[in-house]
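Based on the provided sequences and hints, a complete structural model is requested.
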Amino acid sequence: MSAQSTNGFEHATETNGSAAAKDVLLDVRNLRKWFPITSGFFRRTVGQVKAVDDISFQVLEGETVGLVGESGCGKTTAGRCILRAYDLTAGQILYRDHDRKMVDLAPLTNNEMKPYRQQVRMIFQDPFNSLNPRMPVIDIVGDPLRINKVAAGKELEDRVASLLARVGLRPEYMRRYPHAFSGGERQRIGIARALALDPRLVVADEAVSALDVSVRAQILNLIKDLQEDFNLTYLFVSHDLSVIEYICDRVVVMYVGKIVEVAETEELFAQPLHPYTEALLSAVPNPDPRMRRQKARIVLEGDVADPANPPSGCYFHPRCRYVQERCSQETPALREISPGHLAACHYAEELTLAGVTASGELG
Amino acid sequence: MESPALIEIKNLKTHFFLDEGTVQAVNGVDFSIHQHKTLCVVGESGCGKSVTARSILQIVDQPGRIVEGEILFHRPSRSDNGSETTETIDLAALNPRGREIRAIRGQDISMIFQEPMTSLSPIHTVGNQVTEAIKLHTDMLDDEAKEHSIELLRRVGIPRPEERFDTYPFELSGGMRQRVMIAMALSCNPALLIADEPTTAVDVTTQAQILELLEELQDEFGMAIMLITHDLGVVAEMADDVVVMYLGQVAERGDVDSIFHDPKHPYTQSLLKSIPRLGVSRNRQRLDSIRGMVPDPYNRPTGCMFGPRCDHFMPGRCDAINPPAIPLGPGREVHCLLYEEE
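These protein sequence lines are chains A and B, in that order.
Residue 309 in my numbering is what sits at position 309 of the first sequence, and the numbering runs on without skipping anything.
Residue 1221 in my numbering is what sits at position 221 of the second sequence, and the numbering runs on without skipping anything.
Hint data in this document are derived by calculation from the structure and do not stem from the laboratory.
Heads up, the beta-carbon is just placed ideally off N, CA and C, and yes, glycines get one too.
It cannot be assumed that every hint is accurate.
Simulated restraints, written as ranges between beta carbons of each label pair [to be verified]: (1) A:Met102 <-> B:Glu1020: 50 to 60 Å; (2) B:Arg1102 <-> A:Phe42: 50 to 60 Å; (3) A:His98 <-> B:Tyr1168: 51 to 61 Å; (4) A:Arg292 <-> B:Pro1327: 24 to 34 Å; (5) A:Ser338 <-> B:Leu1338: 45 to 55 Å; (6) A:Ser338 <-> B:Asp1219: 39 to 49 Å.
Quick look at the structure:
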């Protein structure tokens, strides 16, 4: 069943008109990351937390793909596996090299990974913990350049200065330490560091979640501008659907380690095909008090399933309002329902689910 | 028409005296909370919304203290003949460690916090913590208190409360812990529930559950809610009245509909423009952002706090005068010189 779903996926991108023009930059195939649960003196493995369990998706060159889900759904783990910050349990991470060849990053050793670490970079969530407090900005942003022997001395200083200017910071401040900057400015430093080596793919893990509302808009605009200037491809990991909608071209929705839905942003928000996506959309508070009484909020029962001990069949079935008997027995495969729109639900064709209409109402 | 005020805050100033200087965390705040209503205090980090809430309960962390102003609490009490009377207490004047304020905390006014893991004790069972509040404020016996706690846990939507009574907080999920906090806060049937970012640390589907629960409980118990949040979506869903704060001062206050559909203060206006909205931002125009950042608390601007970031900045006036409250209607006022009468 899983082989079929992968095929369906490739088919999806081929038939999609707008996508056909672009090349696949990243092709994640059957990615699994299980964390063992050990117990006792001999650290015997007694179970597995299936943080990411057999997910496949593609990222095209120049697009922004959103990875969305609630805490514990494996979105961050998936992002970190792509960067090879974690070793995979199984699966392939095919990445298109500068000379257009697809390379599988999964089996590479640390040394072999080195050239790719320049091309695949990360922006972290917490601008307070992700910058070394004992390093001045010039070292934080300049170290990737120095370590990879890209620049040194005066040239390095010039490169750092131009990077800082590009992300909206004053180059004169490069000798200051992180504590002298506010949260938004620190996030800009983190972005400058990620851009230092001229990357092609940037994994942004909750890059704006820790920021205040007014600053968040500045950073989101900056991230968008940089994409055009540097021809970047983003994998944008976030739990915030309104941010995802603003910044992403395509969205991958995850639930307890599995992908439940993939679609172009507009289609996913207007016409979700998986009941979990519908519930997620309906749970987002609408910033308009006049909509308050008009919308039927779907309140999900219970909590997110435990990835160490997931329910049988469809992982979402204990909380799903459309649950049928089949859902608790058979695990639904991720399959293509309409061109470019994939969902893992037995009844994706039959259900009529509510999305968000253009005026912000739930339709 | 308007339900009577429960809390009236007048010119509240709470300052923190640090070695580096004085932080004027709350600097002249006026607003009131009405009975059975939900008031949302919204603002960015550092605007003093949490300190205002903590000032009400006199639980401001050292070295902060209330330096000026009144917090009038119109405490509803039932006299012997059954008629409702209120007595008025100035909470700001009470000794933070005194007997009177301790009798009010948890009984008349209770509070739930952002991070339910750190605000629950990790070494006591859930039941132990819920019954403690009951036993402190009522003369119920152990058995009664236990029964009452189980009933409360059931009421806040905890499945199998008899079993959960003996579990420890780490065994519960974030949403369940927040429910335990709410059960504790409601144990003595308070007149006011202060909720400080109650859903910031939980997922969006859990947030929907918690907000729904708060609304139901308000209908049932009739308490007023003071909800502190930075999320304008939550405000729009929950509030009757809204106070927008910026850098220790009120920028604007009013009913929820006028704040969202007729915002007066330039800060409120740009705040509303800067949030991505589901469905609306799909046509992907750029977000309007507010330039600059919240100033450093040691270097507050002169005049209007929002002046340096404001698009309507009037040189010579906005940097000289700290705008007073300009009334626009009942319960509605704005602190901005643009609306000053000539």
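Here is what the structure says about each hint:
| no. | hint | verdict |
| --- | --- | --- |
| 1 | A:Met102 <-> B:Glu1020: 50 to 60 Å | holds, 56 Å |
| 2 | B:Arg1102 <-> A:Phe42: 50 to 60 Å | holds, 52 Å |
| 3 | A:His98 <-> B:Tyr1168: 51 to 61 Å | holds, 54 Å |
| 4 | A:Arg292 <-> B:Pro1327: 24 to 34 Å | holds, 27 Å |
| 5 | A:Ser338 <-> B:Leu1338: 45 to 55 Å | holds, 51 Å |
| 6 | A:Ser338 <-> B:Asp1219: 39 to 49 Å | holds, 42 Å |
Every hint from the earlier list agrees with this structure, and none is contradicted.
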